[in-house]
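Participant: Here is what each chain is made of, one letter per residue.
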Amino acid sequence: MPIEIPIPTVTQVIFLVMALFTAACGLMVVISRNLFHSALFLVGALFGVAAIFVLLEAEFLAVGQVLVYIGAIATLIVFAIMLTRGMMRGRTSPMNHVSGRGALGALVFFVALLAFLKKVPWPEQAQAIPVDESLIAGLGDKFVTTYVVAFEAVGLLLMVALIGAVMLARDR
Amino acid sequence: MNIAALTANLHVILPEMVLAAFALLVILADMLRQDEEESRLLPLLTLAGILAAMAATAWIWNRPVASYQEGAIADGFALGARTVILVAAGLATLLSMGYLPRINRQMGEYYALVLLATLGMTMMASATDLIVLFLALEIFSLALYILSGYYRKNPRSTEASMKYFLLGAFASSFFVYGAALLYGAAGTTQLREIGNLLASDHGNPNLLWPGIALLLVGFGFKVSLVPFHMWTPDVYQGAPTPVTAFMSAGTKTAAFAAFVRVLMEALPAQQIQWGWALAVLAVLTMTVGNLTALRQLSLKRMLAYSSVANAGYILVALVPGTAQGSKAALFYLLTYAFMNVGALAVVITLEKIDELDALQNRAAGLADRWPLLALAMSIFMLSLSGIPPLAGFFGKFFVFQAAVEGGWTWLAVVGVLNSAISAYYYLRVMVAMYFHEAEEPVQPRRWGGLSLSLALTALATVIIGLYPSLWTGFLSGLGG
Chain G
1 MPIEIPIPTV TQVIFLVMAL FTAACGLMVV ISRNLFHSAL FLVGALFGVA AIFVLLEAEF
61 LAVGQVLVYI GAIATLIVFA IMLTRGMMRG RTSPMNHVSG RGALGALVFF VALLAFLKKV
121 PWPEQAQAIP VDESLIAGLG DKFVTTYVVA FEAVGLLLMV ALIGAVMLAR DR
Chain W
1 MNIAALTANL HVILPEMVLA AFALLVILAD MLRQDEEESR LLPLLTLAGI LAAMAATAWI
61 WNRPVASYQE GAIADGFALG ARTVILVAAG LATLLSMGYL PRINRQMGEY YALVLLATLG
121 MTMMASATDL IVLFLALEIF SLALYILSGY YRKNPRSTEA SMKYFLLGAF ASSFFVYGAA
181 LLYGAAGTTQ LREIGNLLAS DHGNPNLLWP GIALLLVGFG FKVSLVPFHM WTPDVYQGAP
241 TPVTAFMSAG TKTAAFAAFV RVLMEALPAQ QIQWGWALAV LAVLTMTVGN LTALRQLSLK
301 RMLAYSSVAN AGYILVALVP GTAQGSKAAL FYLLTYAFMN VGALAVVITL EKIDELDALQ
361 NRAAGLADRW PLLALAMSIF MLSLSGIPPL AGFFGKFFVF QAAVEGGWTW LAVVGVLNSA
421 ISAYYYLRVM VAMYFHEAEE PVQPRRWGGL SLSLALTALA TVIIGLYPSL WTGFLSGLGG
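Top line first, the protein sequences correspond to chains G and W. The numbers in the working numbering rise by one with no breaks, and the one at position 134 of the first sequence is 134. The numbers in the working numbering rise by one with no breaks, and the one at position 358 of the second sequence is 358.
It should be emphasised that the hints constitute simulated quantities derived from the structure, not laboratory data.
Which chain W residues face chain G? A few, computed with CB under 8 Å, are given here: (1) 5; (2) 13; (3) 20; (4) 69; (5) 70; (6) 72; (7) 116; (8) 132; (9) 136; (10) 139; (11) 143; (12) 146; (13) 206; (14) 207; (15) 209; (16) 210.
From the three backbone atoms N, C-alpha and C, an ideal C-beta is built for every residue, glycine too.
Given these sequences and hints, build the entire structure.
Facilitator: Written as C-alpha cells, this is what we have:
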C-alpha cells in the first residue's frame, strides 16, 4: 500500500518555515554562549512570532509586535548589553551539570502535551473576523470597558518594575 | 463609550485604588523630604494607607455583592482574604519601622513596593478573570523579588532575591501556560463562565487537563507546596525578616484565595479529579515540611519549613471542594497571619544587628531575662503546634472538620499525625527558652512598632482562640 504523503499548501509551508525559525531562534537565545548573540536571536524569535501573526491575519498584532518588541524592547536590551563591558566579553557557558536532566524533563513535558493536543478536535474552519478599522477600535474599546481592570493592572505592574529597577540600579 | 457602566460598582476596587494612591504618595513624600529625619514619616504614611484600605474594605462589606467590569468581585470571601492580607501588610510595616534604617537608606521605594505588593495580593484575592489573576500575581511577585533583595550589602539577601526571581519567573510561565490552555478549553477567561461551559459539557477536555495541571504548578510554587517548595527556606532566610513576615502571610493568603476561586468557580465539575491530586500534594507537603523542619537549627529556616507544612494543612481544606472547606482555609489563613508574623517578630528581636537570621540557641534562657518576650513566643509556638485554646488549634480543627465532613477522613488523620510531629520542633524552642542556660547574653532589639506588633499578634492569637465563633461569623466561604 503506497504511503499517502499529504501535499502541504503554500500557507502551511510558510507556517512551518516560520514556526521552525522561531523555535530555533528561541533555542539559540537560551544556549548561545555570548549574551549579545542571545539578544540578536531574540530579535529573530520575536520577528518569527510577528510573521505568524501576519499568517493569522492579525496584522495589527504583528505591527505591534515589531514596533514594541523588536523596535523598543529588543533594541534596549542590545544597547544595555553593548554598554556593559563585562557582558559583551563574557563567554560563560549557559549549561550546567543538570542540563541533561533538564532536557529530558522538557522532552517528557513536550511529549505529554503533544499527546493531549493530538486528541483535541480542532475546528476545521476558523471563524470569520471582520477585517477593517472597527477591529482596532473595538480592541481599544474593550481595553477601557470589559478589560479595564486588567488594563490598569498592567500599568501598576510597569510601575512596580520601574520602582524596582530604580532601586536596583541606584548607587548604594 | 459608556461612562456610566465604567463607574458603576467602582467601589469594588476602592481598596486597590486607595493603596495605589498611597503608594504614589509615599514616593512623592520620599522625593520632597528635606532630611533623613523626615523619612520616619514614610512608614506612618504607609500605615495610613493600609488602614484606609481596611476602612474601604469594611465599608464595602455592608453593601450587596457586586463585581466591577468582569474583572474583580467583592464577595464575602474576597473581602475576608483582603482583610487578612491588609493585616499582614500592616504588621509587616510596623516591623519594618526600626529594622530598615540599619540596613538600607532607600526607604521610599521599600514602602511604595510594600503597598504595591499589598495591592497585587488584594487584587488577586478578588480577581474573577484569568488575565487579572495573572497580572495581580505578577505585581506582587515582582515587588517581593525586589523586597527580598533589599539588604544589598548582604550576599544572602541578594541570593534570596535572585533565587526567588528565577524560580518565580519559571513558575509564572507555568501559570500563564495553564491559564492559556484553560482559555483554549473554554473559550473565555471569566472564571464563572468557564465553570458554566465546562459543567454543560461544552469546551474541550483535552486542553482542560494539561491546563489544570500547569495552573496547579503555578499556584503550588506560590504557596510553596512540595515538590515546588525548594525556594522557600532560602528566600525566607535571606530576605529581611519583615519582608519574610509579609511574604509568608500575604502571599499565602492571596494565592490560596485565588486558588480556591479558580477551583470553586471555574472547575467545580472536575472536583473528583483535582481532589485526588490535591490530596496527594497535601500529604506530601505536610510530611516533607514537618520532617525537614525537625532538623533545622535556624529559627527562620524552621519557620520556613513550618510554612510549607502549613500550606499542606490549608490544602487539606481545599480537597473536598465545599464552601465549608474554603471558609476553613480562610480562617486558617487569618490565624496563620497572626501567629506566624508574631513568631517572625520574635525572631527579629533575637537577630544580631547585621544578620538576617537567628539560631535557636539565641533563644536559650530568654525566659529568665525577658519573660514577656518568652511568653509571646510561647503563645505563637503553642498556637502553631495547634494546642487549644489558641487560634492555631481552631484553624486546624476547622480544616480537619471540613475534610472529615467532605468524606476525606484519612486525609484528616494524616493531618493530625503531622500536627503531632510538628509539636516537637515548636516545643523545642520553648524548652530552650525556659529550661536552657543562655550561652551568650542576648540583648533583644526593640522599637515601638515591634513591641506593638508583638502585642497585637499575641493578643489576636489568644482572642481568636478564646472566641473563634466571633471570627467564623464574619468570614464566609466560596462555592456551594
